[in-house]
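Assemble chains B and C onto chain A, guided by the hints.
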Amino acid sequence: MSTLHIQTKKRSEFIDITRDIQKAVNSQKINEGICVVFCPHTTAGLTINENADPCVKKDIISHLEELVPEDKPYSHSEGNSDSHIKSSLVGSSLNIIIENNQLVLGTWQGIYFCEFDGPRSRNVFIKAIGG
Amino acid sequence: MSTLHIQTKKRSEFIDITRDIQKAVNSQKINEGICVVFCPHTTAGLTINENADPCVKKDIISHLEELVPEDKPYSHSEGNSDSHIKSSLVGSSLNIIIENNQLVLGTWQGIYFCEFDGPRSRNVFIKAIGG
Amino acid sequence: MSTLHIQTKKRSEFIDITRDIQKAVNSQKINEGICVVFCPHTTAGLTINENADPCVKKDIISHLEELVPEDKPYSHSEGNSDSHIKSSLVGSSLNIIIENNQLVLGTWQGIYFCEFDGPRSRNVFIKAIGG
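Chains as they are written, first to last, in my numbering: chain A, 1 to 131; chain B, 1 to 131; chain C, 1 to 131.
Looking at chain A on its own, in the form it has when it is part of the complex (with noise of 0.2 angstroms):
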């Protein structure tokens, strides 16, 4: 298991760990097999979408706030419900295929980072198997 260490410096922010990802996978050499990317904050996520137009990663993140607003009157006194709910729409955890000892993404797609309650000091798990 490799771990990846991350700084955001935002409340919401998704940061492209792709490369990252890339680099863990070379130093665990499985040839063929697949990739999981694992995140073990409760007030944060995981997702692959677009790395061309970083207005795409602005629209979902935005979106995320109109869905599940910051400042309803929620239970958890901690004021980041909203950053929990939005983990688990979002997801913990990826599984990626690994070919040639490289990620099998597609042309557009890069892998976030999804920080909800930042800044903070962040983990990224990554664990290669071979198959």
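For the record, the hints were derived by calculation from the structure and aren't laboratory data.
Among the hints, a few may not be true.
[To be verified] For lysine to aspartate or glutamate, the following EDC-like pairs were computed, each having C-alpha atoms within a straight-line distance of at most 16 angstroms: (1) A:LYS58 / C:GLU78; (2) B:LYS58 / B:ASP16; (3) C:LYS29 / C:GLU78; (4) B:LYS23 / B:GLU78; (5) C:LYS58 / C:GLU99; (6) C:LYS58 / C:ASP16; (7) C:LYS23 / C:GLU99; (8) B:LYS58 / B:GLU13; (9) B:LYS72 / C:GLU66; (10) A:LYS72 / B:GLU66; (11) B:LYS72 / C:GLU65; (12) A:LYS72 / B:GLU70; (13) C:LYS72 / A:GLU66; (14) C:LYS72 / A:GLU78; (15) C:LYS10 / C:GLU70; (16) B:LYS10 / B:GLU99; (17) B:LYS58 / A:GLU78; (18) C:LYS58 / B:GLU66.
Okay, now just chains B and C, sitting in the frame of chain A:
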């Protein structure tokens, strides 16, 4: 593969199954690898979220009810279209990394079975594979 | 890895690909393990939901359209920001347990390719690994 049996008690309910998944991983004797947790029902799901303050799961459940109301005029006539939609939003499978025969979870993470159309008798399938 | 080619016909459409995924698992000759199904597109996704009443998929599609309207003033200028957002909500990968060379699915579960920006030619990648 191990099967976990769950009896839910309410229409919408999140049940912490972290210990049961860990037991299944122990019994499958996989030291390093990944664990797939799978929900074979179309009106329930699985998520990972906070295991400390029970208000968090309460907030997730009630916000999902707001986003996907039970009583909208849906096409499906069984009165549980909202449950099917929530199932697709939350997702029906999880994958978690295993190290030293232990699930690698964050400090505040618990694994939840998400009932959206209970009370019912439910199953969860668990498969650990090494790598 | 196997590749499944799909030609979608509508802007939003769910296509049952359960049999195709099972065929890929058969051809990869994995008796016990897990199957990763991956969508390499950023305006489409994958989900598991009811395979009996077609009204269920109709309700999911139309409720997603309500939650994420097509015609909002988004930043991304291609007119498909809603499709990208739906892709992140539904997710782009699935994992399913394999036993006796068969996908282990619930009685009412089908695997759906979710088109959110069709009609288009699409691919789905399938990788079974043993364990």
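Going through the hints against the structure:
1. Our distance criterion of 16 angstroms between C-alpha atoms is met by A:LYS58 and C:GLU78, whose separation comes to about 14 angstroms.
2. Simply put, B:LYS58 and B:ASP16 have alpha-carbon atoms about 13 angstroms apart, close enough for the 16 angstroms limit, and the pair holds.
3. Note on C:LYS29 and C:GLU78: the hinted pairing is violated, with a Cα-Cα distance of about 42 angstroms set against a maximum of 16 angstroms.
4. Note on B:LYS23 and B:GLU78: the hinted pairing is violated, with a Cα-Cα distance of about 36 angstroms set against a maximum of 16 angstroms.
5. The straight-line distance between the Cα atoms of C:LYS58 and C:GLU99 is roughly 31 angstroms, outside the 16 angstroms bound, and the hint therefore fails.
6. The straight-line distance between the Cα atoms of C:LYS58 and C:ASP16 is roughly 13 angstroms, inside the 16 angstroms bound, and the hint therefore holds.
7. Annotation: proposed proximity of C:LYS23 to C:GLU99 holds, straight-line Cα distance about 14 angstroms (limit 16 angstroms).
8. Proximity of B:LYS58 to B:GLU13 is assessed by CA-CA distance (about 8 angstroms); at most 16 angstroms being required, the pair is judged to hold.
9. Restraint check for B:LYS72 and C:GLU66: satisfied, since their Cα atoms lie roughly 12 angstroms apart, inside the 16 angstroms limit.
10. Taking the CA atoms of A:LYS72 and B:GLU66, the gap is about 12 angstroms. The hint holds against a cut of 16 angstroms.
11. Using a Cα cut-off of 16 angstroms, the hinted pair B:LYS72 and C:GLU65 holds, with the two alpha carbons roughly 14 angstroms apart.
12. The hinted pair formed by A:LYS72 and B:GLU70 fails the criterion: a straight-line CA distance of about 21 angstroms is larger than 16 angstroms.
13. The suggested pairing of C:LYS72 with A:GLU66 holds, with an alpha-carbon distance near 12 angstroms, which does not exceed 16 angstroms.
14. A hinted pair counts as satisfied when its Cα atoms are at most 16 angstroms apart, and C:LYS72 with A:GLU78 does not qualify at roughly 31 angstroms.
15. Our distance criterion of 16 angstroms between C-alpha atoms is met by C:LYS10 and C:GLU70, whose separation comes to about 14 angstroms.
16. The straight-line distance between the Cα atoms of B:LYS10 and B:GLU99 is roughly 35 angstroms, outside the 16 angstroms bound, and the hint therefore fails.
17. As the CA atoms of B:LYS58 and A:GLU78 are separated by approximately 14 angstroms, the hinted pair is consistent with the 16 angstroms bound.
18. In summary, the hint linking C:LYS58 to B:GLU66 is not supported, as the alpha carbons are separated by about 20 angstroms, beyond the 16 angstroms threshold.
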